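Since the structure of chain A is already known, use the hints to place chain B on it.
Number of protein chains: 2
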Amino acid sequence: MRSVLLLALCTSTAATSLLSLRGGQGKEKVAIIGSGNWGSAIAKIIGRNVLSKDEFEDEVNMWVFEEQVNGRNLTEIINTDHENVKYLPGIKFTPNVVACPNVTEACKDATMLVFVLPHQFLGRTCPNIVGYAKGCRALSLIKGIEFSDTGPLLISDMIKDEMKGMDVSVLMGANVANEVARDEFCESTVGYKVKSNGDAFQAMLDCPTFRVGSINDVAGVELCGALKNVVALGAGFCDGLELGGNTKAAIIRIGLKETSKFAKMFFSGIKDDTFMESCGLADLVTTCFGGRNRKCAEAFARKEGTWDEIEAAKLNGQKLQGTITCKDVMTVLRAKGVADQFPLFKRIHEIAFEGLPVEKIIEL
Amino acid sequence: MRSVLLLALCTSTAATSLLSLRGGQGKEKVAIIGSGNWGSAIAKIIGRNVLSKDEFEDEVNMWVFEEQVNGRNLTEIINTDHENVKYLPGIKFTPNVVACPNVTEACKDATMLVFVLPHQFLGRTCPNIVGYAKGCRALSLIKGIEFSDTGPLLISDMIKDEMKGMDVSVLMGANVANEVARDEFCESTVGYKVKSNGDAFQAMLDCPTFRVGSINDVAGVELCGALKNVVALGAGFCDGLELGGNTKAAIIRIGLKETSKFAKMFFSGIKDDTFMESCGLADLVTTCFGGRNRKCAEAFARKEGTWDEIEAAKLNGQKLQGTITCKDVMTVLRAKGVADQFPLFKRIHEIAFEGLPVEKIIEL
Numbered sequence: 001m002r003s004v005l006l007l008a009l010c011t012s013t014a015a016t017s018l019l020s021l022r023g024g025q026g027k028e029k030v031a032i033i034g035s036g037n038w039g040s041a042i043a044k045i046i047g048r049n050v051l052s053k054d055e056f057e058d059e060v061n062m063w064v065f066e067e068q069v070n071g072r073n074l075t076e077i078i079n080t081d082h083e084n085v086k087y088l089p090g091i092k093f094t095p096n097v098v099a100c101p102n103v104t105e106a107c108k109d110a111t112m113l114v115f116v117l118p119h120q121f122l123g124r125t126c127p128n129i130v131g132y133a134k135g136c137r138a139l140s141l142i143k144g145i146e147f148s149d150t151g152p153l154l155i156s157d158m159i160k161d162e163m164k165g166m167d168v169s170v171l172m173g174a175n176v177a178n179e180v181a182r183d184e185f186c187e188s189t190v191g192y193k194v195k196s197n198g199d200a201f202q203a204m205l206d207c208p209t210f211r212v213g214s215i216n217d218v219a220g221v222e223l224c225g226a227l228k229n230v231v232a233l234g235a236g237f238c239d240g241l242e243l244g245g246n247t248k249a250a251i252i253r254i255g256l257k258e259t260s261k262f263a264k265m266f267f268s269g270i271k272d273d274t275f276m277e278s279c280g281l282a283d284l285v286t287t288c289f290g291g292r293n294r295k296c297a298e299a300f301a302r303k304e305g306t307w308d309e310i311e312a313a314k315l316n317g318q319k320l321q322g323t324i325t326c327k328d329v330m331t332v333l334r335a336k337g338v339a340d341q342f343p344l345f346k347r348i349h350e351i352a353f354e355g356l357p358v359e360k361i362i363e364l
Numbered sequence: 001m002r003s004v005l006l007l008a009l010c011t012s013t014a015a016t017s018l019l020s021l022r023g024g025q026g027k028e029k030v031a032i033i034g035s036g037n038w039g040s041a042i043a044k045i046i047g048r049n050v051l052s053k054d055e056f057e058d059e060v061n062m063w064v065f066e067e068q069v070n071g072r073n074l075t076e077i078i079n080t081d082h083e084n085v086k087y088l089p090g091i092k093f094t095p096n097v098v099a100c101p102n103v104t105e106a107c108k109d110a111t112m113l114v115f116v117l118p119h120q121f122l123g124r125t126c127p128n129i130v131g132y133a134k135g136c137r138a139l140s141l142i143k144g145i146e147f148s149d150t151g152p153l154l155i156s157d158m159i160k161d162e163m164k165g166m167d168v169s170v171l172m173g174a175n176v177a178n179e180v181a182r183d184e185f186c187e188s189t190v191g192y193k194v195k196s197n198g199d200a201f202q203a204m205l206d207c208p209t210f211r212v213g214s215i216n217d218v219a220g221v222e223l224c225g226a227l228k229n230v231v232a233l234g235a236g237f238c239d240g241l242e243l244g245g246n247t248k249a250a251i252i253r254i255g256l257k258e259t260s261k262f263a264k265m266f267f268s269g270i271k272d273d274t275f276m277e278s279c280g281l282a283d284l285v286t287t288c289f290g291g292r293n294r295k296c297a298e299a300f301a302r303k304e305g306t307w308d309e310i311e312a313a314k315l316n317g318q319k320l321q322g323t324i325t326c327k328d329v330m331t332v333l334r335a336k337g338v339a340d341q342f343p344l345f346k347r348i349h350e351i352a353f354e355g356l357p358v359e360k361i362i363e364l
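Heads up: the sequence lines are chains A and B, in that order. When the letters of the first sequence are read in order and numbered with the working numbering, they come out as residues 1 to 364. When the letters of the second sequence are read in order and numbered with the working numbering, they come out as residues 1 to 364.
So here's chain A without its partners, still in its complex pose:
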C-alpha cells in the first residue's frame, strides 16, 4: 500500500549524510516513529506541511504498531481512508502520510526521525533502526522523565544513547493532540543543541495554526514538559478545595520558578527565556487548567479515593504521570539535600504521599 511514486527521489546518500536544510543534494525525508493520539496529530501537521515545502520529500512514513480494527489492519485503514480511526478518529491525513507496520522499513532513507511513542518502547524499537539511521537527526515528542541515583535522565539523552550519539532535539508546548489536529491555534517550542537541526524541525512543523519557536536548550525545554505535571497536582488541589484563581495563579508562578531552578541545578546551559516559551509558561497554564493530572488531584483533594482508585476511576486506562514524577523528583532532591529549596514540590509531595492535609497547599 505504500506509495512508491516518490521513492525514486530518495537516494542512498540521502540516508547516510547529514543534509543541510536547503541547497543539499537531496531532500529531507521524515519518518514518524509512533502513531498514537499525539503521533497521529503531528503526522497530520507534518504531512500537510511538507507538501508545500520544496526542501522536503512529499512522502512521510509513519510507523504503526499493527493491530486489527473492525477486522482490518490499522495500517491498511490509514493508507486507504487516510485516518487513524483508533487513535485520532475524525481527522484526515493528507495522502502522503504512509502507514508502515515495520519500523525498519518506515525509517528507510529517512533524514529526520520523529520519536513519539511511550519511552518504555525505546529499548526494543531503536535497535531496529539504528543501523539505517546514520546521519539522521531526531526529534523527541516524548513527555516524561526518568531518574537515576544521581539525578534526572532526559528522554532525549536516552534516545541519543540508543541511537549511538545521534543529535536529538525536542518538541514541547501547550498542545493537546486533538486541538492540534483540529487546527485550533497553538504554539510549540523546539529545543535544540545544533541550530541547523532545530531550524530543520521548525520548518517541518511550523504552520499558521501551529506556530513553532525554537531555543538552544534541550534540557530546559524537556524538563518543562515533565515537571508541569507535578505543578498540575498542586493546581488540582486548589480546585478540589475550591480556592480562587489567585491561589492557582500563585501555584503556577511558583511552579515555573521551581522548574527553572530544578533545571539549572541538574543541567548546564539552561536559558531563562525557555520558561517564557510555549513549552514553559503556556504549557504549564494549559496543564493546570485542563489535563488529567489536575483532574485527579482535584479528586484527591475531595477525598474520592487513593491515587490508584482515582486513576482507575478517572483515566480510562491511562496512567497518571504527575504522581510518579513527583515521587522521583523528591527522591532526587532529598538525596542531594536540597528539598527545602523547592517548597512547592516538597509541599505537593507531602500532601500526595505523606498524609499532610490538602489545606496546607496554601501555606508555602
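Calculated directly from the structure, the hints in this document are not laboratory data. Watch out, some of these pointers could steer you wrong.
Same chains, same names: a pair is fine if it fits in one copy or spans any two.
In silico EDC-like pairs for lysine to aspartate or glutamate, Cα to Cα no more than 20 Å straight-line [said to hold, decoys possible]:
no., residue 1, residue 2
1, Lys319, Glu146
2, Lys261, Asp272
3, Lys360, Asp206
4, Lys360, Asp183
5, Lys303, Glu359
6, Lys257, Asp272
7, Lys261, Asp328
8, Lys346, Asp328
9, Lys264, Asp149
10, Lys86, Glu242
11, Lys164, Asp183
12, Lys257, Asp273
13, Lys336, Glu242
14, Lys261, Asp273
Everything numeric in this text was worked out from a predicted model, so none of it was measured.
Coordinates of chain B only, in the frame set by chain A:
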C-alpha cells in the same frame, strides 16, 4: 470615634522625617486613602499585620468618602461594627482600623500613605494632604494607565507629581479583593525605586496568606497591572469562540511578551524578572481566566452587542478598563510607528474596534 489611645506615641517628627523601618525614633504610621472593595480588603490585611509588628503604630487610618447606609454614616458603621458593609460586606476589620471622613485628618502624622482610589480623584484629593505629608512615602494600589501624545503616563508618576516629588512604590498582583479579604492564599508584588521604602511596604503587607515580593521596577510592575486587561480581551475572544486551552495559553504567553516589550520601549530600568513575579505572570493568568474584561470580550465574540451594550448588561455599573487601554495603547504605538511589533495588541484592537472578524484572533 477615632481611637486616641495610641496618638500619644505619634510625635510631630514622625510626620516630617523619613523614618527607617527599624531603629528610627518613632514608629511607622499607615494611612489608607480610599475604602472601596480593594481598599477595604487591604485595610483588613494591614490592620491585622501592624498589630503584630513593633515597628508600626497600631492605629491605621482609612479615609472613607462619607455616605449614608441604612440611615447611618458609613464611617460610624466601620468604627462601630468594624465592617465596610457597603463595599466589603461580611469581612471584619481589626478594631485598630479607624475610618475617617476627612482625608487631611486621616493622613495626619502618617509616614506611609496607601493610595487606593480611582485615579480620577487624585487631582482633588492630593492637594488636601500634600502639606501634611512631607517625608512620607507612598504606595499606589491603583490599576490603570493614562496616555499623553508622547506615550504612557504611570499613575505612580501622577501621584508623585501631585505630592511634590514624594517617592511612590506600587503594589500589583494576582489578587481579587474578596479573595484577599477571605484570606485565600495569594501573592503580590511591590515595585519600588527606593529599596528601604519597598522593604517597609513589604513588611506592612506580607503575611502567611498574602505573600508579598518586591522588585526594583516601578514602571514594569505598574504596566503589568494595566496591560493585562488588554490581553484579557484576547483571552475572552478565545472563550467566545470556544477555542481550547492551548489557544488561550498562547494568547497569555504572547501577551506577557508584548507587555514586556511595551514597558521596555517606553521606560528605562525594566527588569525581565518583573514579568515572572506575581504582578506579571500570575496576575495575567488570573485575569485571563476570570475577570470582567475577559467576560465582556467573550460576550463580544458571541455577538451579544456593542461594547457599550455589553458593559451595561454585564458589569452592573462598573467600567470596562481593557477596551479603553486597548485604544490608548494602539494610539501610542501607531504614533510611534511600531504597531507591527505588537501583533497581539494590534490584532485585539482590530477585532475590538476595526471590524475584523473575531476568528482572526488565531492568525497571529
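Each hint, compared with the structure:
1. Taking the shortest Cα distances, Lys319 and Glu146 sit within 20 Å of each other inside one copy (15 Å), while across copies they are farther apart (51 Å).
2. Taking the shortest Cα distances, Lys261 and Asp272 sit within 20 Å of each other both inside one copy (10 Å) and across copies (16 Å).
3. Taking the closest pair of Cα atoms, Lys360 and Asp206 come within 20 Å of each other only across two copies (18 Å); inside a single copy the shortest separation is 43 Å, beyond that limit.
4. In this assembly of identical chains, Lys360 and Asp183 lie within 20 Å of each other by CA distance solely across copies; the values are 13 Å between and 40 Å within a copy.
5. Taking identical chains as interchangeable, the C-alpha atoms of Lys303 and Glu359 lie at most 20 Å apart only when both belong to the same chain, with a minimum of 12 Å there against 41 Å between chains.
6. Within a single copy, Lys257 and Asp272 get their C-alpha atoms as close as 10 Å, and across copies as close as 13 Å, so both meet the 20 Å cut-off.
7. For the homomeric pair Lys261 and Asp328, the shortest alpha-carbon distance inside one copy (16 Å) is at most 20 Å, but the shortest distance between copies (38 Å) is not.
8. In this assembly of identical chains, Lys346 and Asp328 lie within 20 Å of each other by CA distance solely inside one copy; the values are 12 Å within and 44 Å between copies.
9. In this assembly of identical chains, the alpha carbons of Lys264 and Asp149 lie at most 20 Å apart only when taken from the same copy (18 Å versus 44 Å across copies).
10. Taking the shortest Cα distances, Lys86 and Glu242 never come within 20 Å of each other, neither inside one copy (36 Å) nor across copies (25 Å).
11. Taking identical chains as interchangeable, the C-alpha atoms of Lys164 and Asp183 are never at most 20 Å apart, the minima being 36 Å within one chain and 55 Å between chains.
12. Proximity of Lys257 to Asp273 under the C-alpha cut-off of 20 Å is found in both arrangements, the shortest distances being 12 Å within a copy and 11 Å between copies.
13. Proximity of Lys336 to Glu242 under the C-alpha cut-off of 20 Å is found in neither arrangement, the shortest distances being 35 Å within a copy and 45 Å between copies.
14. For the identical chains of this complex, Lys261 and Asp273 are neighbours both inside a copy (13 Å) and across copies (14 Å), given an alpha-carbon limit of 20 Å.
Figure legend: structure checked against the earlier numbered hints; hints not met, in rising order: 10, 11 and 13.
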